[in-house]
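Novice: Okay, here's what each chain looks like letter by letter:
2 protein chains.
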Amino acid sequence: MEHSVATMMNNIGQQAKSAAKRMVMVASDRKNLALQHAAALLRQECDAIMQANGLDMAAADAKGLSEALKDRLMLNGARIEAMAVGLEQVAGLADPVGAISDLVYRPSGIQVGHMRVPLGVIGMIYESRPNVTIDAAALCLKSGNAVILRGGSESIHSNRALALLMQQALRDSDLPEHAVQLIDSIDRAMVGALLRANAYVDVIIPRGGRSLTERVANESTVPVIKHLDGICHVYIDKDADEKMAVNIAMNAKTHRYGVCNAMETLLVHHDAMAILTPLLPMLLEKGVKVMASADICAAYAELPLQLAVEEDWRTEYLAPELSIRLVDSVEMAMEHIATYGSGHTESIVTDSYATGQLFLRSVDSSSVMWNASTRFADGFEYGLGAEIGISTDRLHVRGPVGLDGLTTQKWIVLGSGQVRS
Amino acid sequence: MEHSVATMMNNIGQQAKSAAKRMVMVASDRKNLALQHAAALLRQECDAIMQANGLDMAAADAKGLSEALKDRLMLNGARIEAMAVGLEQVAGLADPVGAISDLVYRPSGIQVGHMRVPLGVIGMIYESRPNVTIDAAALCLKSGNAVILRGGSESIHSNRALALLMQQALRDSDLPEHAVQLIDSIDRAMVGALLRANAYVDVIIPRGGRSLTERVANESTVPVIKHLDGICHVYIDKDADEKMAVNIAMNAKTHRYGVCNAMETLLVHHDAMAILTPLLPMLLEKGVKVMASADICAAYAELPLQLAVEEDWRTEYLAPELSIRLVDSVEMAMEHIATYGSGHTESIVTDSYATGQLFLRSVDSSSVMWNASTRFADGFEYGLGAEIGISTDRLHVRGPVGLDGLTTQKWIVLGSGQVRS
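One line per chain: the protein sequences are C and U, in this order. For the first sequence, the numbering used here begins at 47 and goes up steadily by one. For the second sequence, the numbering used here begins at 47 and goes up steadily by one.
In isolation and in its complexed conformation, chain C is listed as follows:
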């Protein structure tokens, strides 16, 4: 590690740690005032932020970035207003910090329970989407954490302006300004330094595509909360209600295509094959390309189906494409999910209590559903109020991550003079 990189990381890390120590104790109303003040500043400084964004956009044009990347990078009045509204929404959420649960008396006479506390210092690594700068800062601040932000280098001017604004909001509210810091260098070695800053950083959250996430996971010695693929399955059991099965399958695939909780593979018990008769034409009519196992292709030879290959079971299409397979049993469906799934979200449609219970217990995904569309796997639908991401990891937090996922619990003991004997 170059000397200057190490020095920069140490400075940022120490400042974050000392800010985090102060943030633990900050009362809810003061955090909320800071968030509301940040919203006001965003509206007030709208022009200055668009100016900074203009520098990024010009550089993006010069570099010939794709239209999709430029669309993510671009800020306008409406998008800045949306960020301000987002800050106000986070201010309105319940504060998880300090909540006490499970306080019980033990035979020794002490009361033992848990208190929810901030994680400490969170490192966010994300692509060139300036809105993430505000969004992540708001959630980390509300949950009492300090955050170190590292956005994509193409958004450096926008991020600088937004991070300075958050710091001003913190200062004006008499909160530690280093609770929000941006790594203000496009040197990629800083990412490596952040990923090994175990002395300062409690968790790294990457937000972006697979290559970013994999690099972070492979290099980081700091714990990572990450989201990889969303290869979600719906299994239509032999005891499924036919109408419900068709509804759920259609919604899980066609409600939105580019989202991680969309269905990518439909598994159908061969005794429930009749549901394909209404379902396949509906999918095709919506323009969904269907890759089906040989038995289905044979049975519906009149339809323009494509024969599914092994690779289809492993593919997150994120598009109007769907693979469908017939299975002999719920066990075979679960085996398929265990082999090809990504542990994101799976749903069973069945009216059988025993089969539903088995599926719910045995399938090892961050969300397991029974008679509901996979599209419900979402922080807002689950009542989290906000979502910093969806974890496909196992440790600490799985599935949609809200404010609670940015906190941890300490033990508290209330006594009246008890000693160990």
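Treat the hints as calculated values from the structure; they're not laboratory data. This one's a predicted model, so the numbers in the text were calculated from it and none came from an experiment. Heads up, some of the hints might be wrong.
Because identical chains share one entry, a pair is satisfied inside a single copy or across any pair of copies.
The calculated lysine to aspartate or glutamate pairs, modelled on DMTMM-like cross-linking and capped at a C-alpha distance of 20 Å, are [as the list claims (entries may be wrong)]:
#1 Lys332 - Glu113
#2 Lys289 - Asp317
#3 Lys67 - Glu134
#4 Lys116 - Glu134
#5 Lys67 - Glu377
#6 Lys284 - Glu265
#7 Lys289 - Asp397
Start from chain C and add chain U according to the hints.
Specialist: Below, chain U without anything else, positioned relative to chain C:
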């Protein structure tokens, strides 16, 4: 990484992952039967195990290991019986897997909640203490995980015998034998391979001294649940009950010396200094060496106190030694704890509601106590039934780690046909 090391690790990892998949679904009574059967086998194979241990002990003699290390390594009838009883106790604990909590109806009509599930594959790295082999295997098995064990090389023969016995118990109970695997190689490169086996291992738990733990934490790309120092503090507030303060301080320091939840530094508000008049002679009489701040040394010049130096505040004595400092306020006490503490366990003695509340909320340690001895920071005292270690980390689990700490939660969604609109 040498080819053979990589191959060995891949084999072990794949076997563990496939065992973990089966373990998720195993009912409680079958896990309990396997544990009880393992206890029976331990008693039955007592001689064979002592013979294997004899090989380790002979090698330890030849290598000239210290008496303390040899004592940890040595197995006899009583110790093997204690392991068997431990297995039976774990069998008697409640099974956390499958427990559903917080199931609520959402406006969409779906019910959303959590189900507790195993972590998956746990890597245990520990010193040459053969009892950990049984203890860790039992807790991992009960919580539905697969475990990969890597004990100290001096205990390789004992560990082999014990791991084979656990595998036999699993086979005999029709459970996957690879739910318990021992890295049967003393090649240290295997530890490095385990620490980077992100594809197979969900969490690494090191159990041993500081150098082992630090090596693991610095090298591991797999998340680590670890225990570093226990520099525990008791703070006697100005509003403390004098008798309670003396009792708690004596118990926290002198109940046992070599344990991580013993008090290492006593902080006393200067208005509560009078408690030192009875306390100091009691400590000295017990043979406790006292390092005190200058104001205390001056006030008790007649007592054989030693002047505390900066280094004392950072020291985990694990011995009949104690540092004592006068402070001006609870804030100064908390600042001292934040600067010098290890985030393990701190206790305040006070009758002031406001001061106690402030301490409880603000101190960032895995256990924070009010009017109780730090010695209560223990899985059994907290009602966990068993303890695989005490975490001084922040993510996932803090403080004593029991069966719950070896599990995680997935989301479950119960619907009646709901789709997203």
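Novice: Give a verdict on every hint.
Specialist: Now for the hints, and whether the structure bears them out:
no.: 1; hint: Lys332 - Glu113; result: neither (26 Å within a copy, 76 Å between copies)
no.: 2; hint: Lys289 - Asp317; result: within (15 Å within a copy, 75 Å between copies)
no.: 3; hint: Lys67 - Glu134; result: neither (25 Å within a copy, 43 Å between copies)
no.: 4; hint: Lys116 - Glu134; result: neither (27 Å within a copy, 62 Å between copies)
no.: 5; hint: Lys67 - Glu377; result: between (50 Å within a copy, 13 Å between copies)
no.: 6; hint: Lys284 - Glu265; result: neither (45 Å within a copy, 49 Å between copies)
no.: 7; hint: Lys289 - Asp397; result: within (12 Å within a copy, 65 Å between copies)
When held up to the earlier numbered hints, the structure conflicts with 1, 3, 4, 6 and fits the remainder.
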